[in-house]
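Chain order of the listed sequences is A and B. Each residue of the first sequence is one higher than the one before, counting from 1 in full-length UniProt numbering. Each residue of the second sequence is one higher than the one before, counting from 1 in full-length UniProt numbering.
Hints were generated in silico from the structure; no laboratory data involved. Bear in mind that the values here come from a model prediction, so they are computed numbers and not experimental data. Fair warning: there could be bad hints in the mix.
Quick list of in silico lysine-lysine cross-link-like pairs, DSBU-like style, CA-CA up to 30 Å [what the hints assert, rightly or not]:
#: 1; chain 1: A; residue 1: K359; chain 2: A; residue 2: K410
#: 2; chain 1: B; residue 1: K173; chain 2: A; residue 2: K348
#: 3; chain 1: A; residue 1: K409; chain 2: B; residue 2: K121
#: 4; chain 1: A; residue 1: K136; chain 2: A; residue 2: K100
#: 5; chain 1: A; residue 1: K409; chain 2: B; residue 2: K118
#: 6; chain 1: A; residue 1: K485; chain 2: B; residue 2: K280
#: 7; chain 1: B; residue 1: K196; chain 2: A; residue 2: K410
#: 8; chain 1: B; residue 1: K155; chain 2: A; residue 2: K443
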Amino acid sequence: MVTQYGIKYAVNLITAHFGDLVAKVCECLLRKGPLTLQAIVRSTELTSSQVKNSLLVLIQHNCVQAFILDQTGEHGDGAKQSTQYIALFDNIIQRWRFPKFLTMVSKKLDKQCAELLEGLLQHGRLSLKQMFDRAKSGDDVVQEAFVKLLNAHFIERCPASEPVLTNPTKEEEAARKRAAKSGKILEVQETLEQRVVEAAMPTEALRFLFATETEPTADGGKDKSNSSSVTPGEKRKHDALESEAECGATDEQVVLWRANFDEFIWCLRHKACIENVRARFDDGAVIVFGAMLEATRSAEKKVKTENSVPLSLSSIYEEVIKSEEGRNITFDRVRASLVQLSCPPFVKAANESYSVDFKKIIELAQNEEVESIVLKRYGRDAYRMFRLLSNSGHLLETDKVADATFVEKKETPIILYKLWKDDYLQLEKLQIGVKQIPFQLWKVNKNTLKVHVLDEMFHAAFNLSQRVAFELEQEKELSNVLQDKRVNRLRKRLLLESSQMKLDDAIMLFHDF
Amino acid sequence: MHHAISFSYRMRCYSHHSCEDCESEQQRYQRYSRIGTSSTFEEIVISKGPAVKRMNAKRKRPDTISDSVTEQERIVHEVIRSKQDMGISQQDMKREINLHSNLIAKCIKSLVSKNLIKEVKNIHSRRQKHYMSAEFEPSNEITGGAWYVEGSLDKEYINVLKEQCWRKIYGLKVATLEGIADAIKRSNVSQIELSKQQVEEIVKALVLDNEVMEVRSTGTGEFASIPVGKACYKCAGKRGYGGEPKLGALASIPCGVCPQISRCTPDGIISPITCEYYKKWLEF
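From just these sequences and the hints, can you work out the full model?
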């Protein structure tokens, strides 16, 4: 779901990385949905050349995807094909997480892999030859790091430059009509974004394939389509490479590679789940849980997997004792840890098998985040009321809320109104009898609340980045001040930046996990 | 000597909408004139249209009123008594009785002084005075139940009970409601014996405070002595009683707790650059 402040946050990122022109084009696409080149020119009032260059930058850095919409006429007219461009909001906000990705690769693999990845993140996409040219170390070291990254799925082949999309399905049409009525055009765009991304992605077999023999480029090898996915400078190299290919050199070098954001998010999701377990259970349970994730990772088909594949107790035990910290754990201890992990139900048991309930873990973490906001912003009485309504899942009358939460009957509606005014609760009135005062019924709608909280998080993230920029400006101006003031400035920046990191973890919890 | 009370025949008794059933004024006067002429156990007959009440003057029974009560007071008392253990406020009485509010107030004062009615606290309207006939005890709906004292929530008592319940659960590791209630009873924490429902209310409040979590017994491990599927309670998390829950990411920065977040914009009066909360947060 792309919220209003999500767009501002994304545009702010693009502005910081690529400047105002590119950000203007990006904002146009984020707000208006997919557009043709001409439509972008009209909307942004930039020149055609400015828009083209901005699009090239955005495509190079995987922030925009071109696609061809095949619109077959309703009355048997000829098919109309037009190239449109769609902003990839999910990829744009990944840009903030590059330091996290690099840290992950440094820890899981090695320094060379991190350096190679850094190049890919800086340039958006590179061919293998470009990676060799850029690296300080020899080609074989680079190739070895490349293979490691590929085997770990941290990098992938770039998608097709202009996949063809057929007419929207009936469901999409109905959703578009409903969205148009309620003004929620952003929801419809997300469905289209997913379709475009899926259509552009190479097949699973090809996505992580590194063949040493000659092979076509990911998009079919047409020069015209290649040109939309490389910058002008790269096109010259590409042409040079093609001519080399004609002389017998490998075509592998014209395949473009990029960071696979899905894999990084997957790893971060697992990490977040482990941290949640660590906060609630002992070390033994954490080791058992980690072992279950390790054992089932390869069977997970998508990032937002709800449940892991079931494992038997003996499989879990075998996995546990593989690790250094789990070496001395007994079979009975593993069994006891699994019982522990069943309440709250992070692990479900069925037919002597155990599976991780990712959905439950993420849901509980999201609830804790929202409840923390309610506690800090509105106080303990409001916290109890919110938890009551959130746990019950249905409408409750004011007096019932007062009784269950031990709050004075007169104070209860005041607190509930505050929560309702700030969109944390829903209110319904029930009139019984003409002269009676209507009953007030309250409820937490988790779906709408999640979107609202996510927007607040984007707003806060945007504010933090504004403040960081402001503090940096101040630092420059006060470059000659006393040492202790500079130390204070540094402390401020550290606090702001660590808060940004922590808030980004929460954004991932609500948006990516 | 008893004086016959002559009163306006035009005043309707409250239980009748017309006075067709009532005696004539003359008949009533004549009846009153006979009062005081009988033996020691005088019978005082008071007309209430067709309904006649007899009261023994020497042995007052709770369902009759004394002869010193005026007709207006009697009407007011009847209205209050009809509300039984719910009572009625002075304001609501005015809607039901066609008497001037000053007269109602005077009747109430008199009835209170005669111990026929009493003032009680109503938690729903603490500012208004609420009255009840003397023979009734106020219902939980107006007193608030066991948790209210003088119309206010007894927060101190509730907090003591909550902490004690938590300690019992902590000691038992996993506890059912019955187990907690037993433990409380044995330790004499409360001078008043708590019902199972009251213990449940306290434990559920602990769940809402995130001090305790409700789980279902699996019948194995730590739940071995508890029937499968039965609701039981465990202490939540690793922190002790009263510890703050983990601070969330958004709640740990000024924007997360700011009541003005919806009005904050980059170029507005409220902005991250000019924000006072940020300024205080970044002060070292």
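Here is how each hint holds up against the structure:
1. K359(A) - K410(A): The hint is violated at about 38 Å.
2. K173(B) - K348(A): holds (22 Å)
3. K409(A) - K121(B): holds (13 Å)
4. K136(A) - K100(A): holds (23 Å)
5. K409(A) - K118(B): It holds: about 23 Å lies between the C-alpha atoms, which stays within 30 Å.
6. K485(A) - K280(B): holds (16 Å)
7. K196(B) - K410(A): holds (27 Å)
8. K155(B) - K443(A): Given pair K155(B), K443(A) holds - Cα atoms ~26 Å apart, limit 30 Å.
The structure does not agree with numbered hint 1 stated previously, though it agrees with all others.
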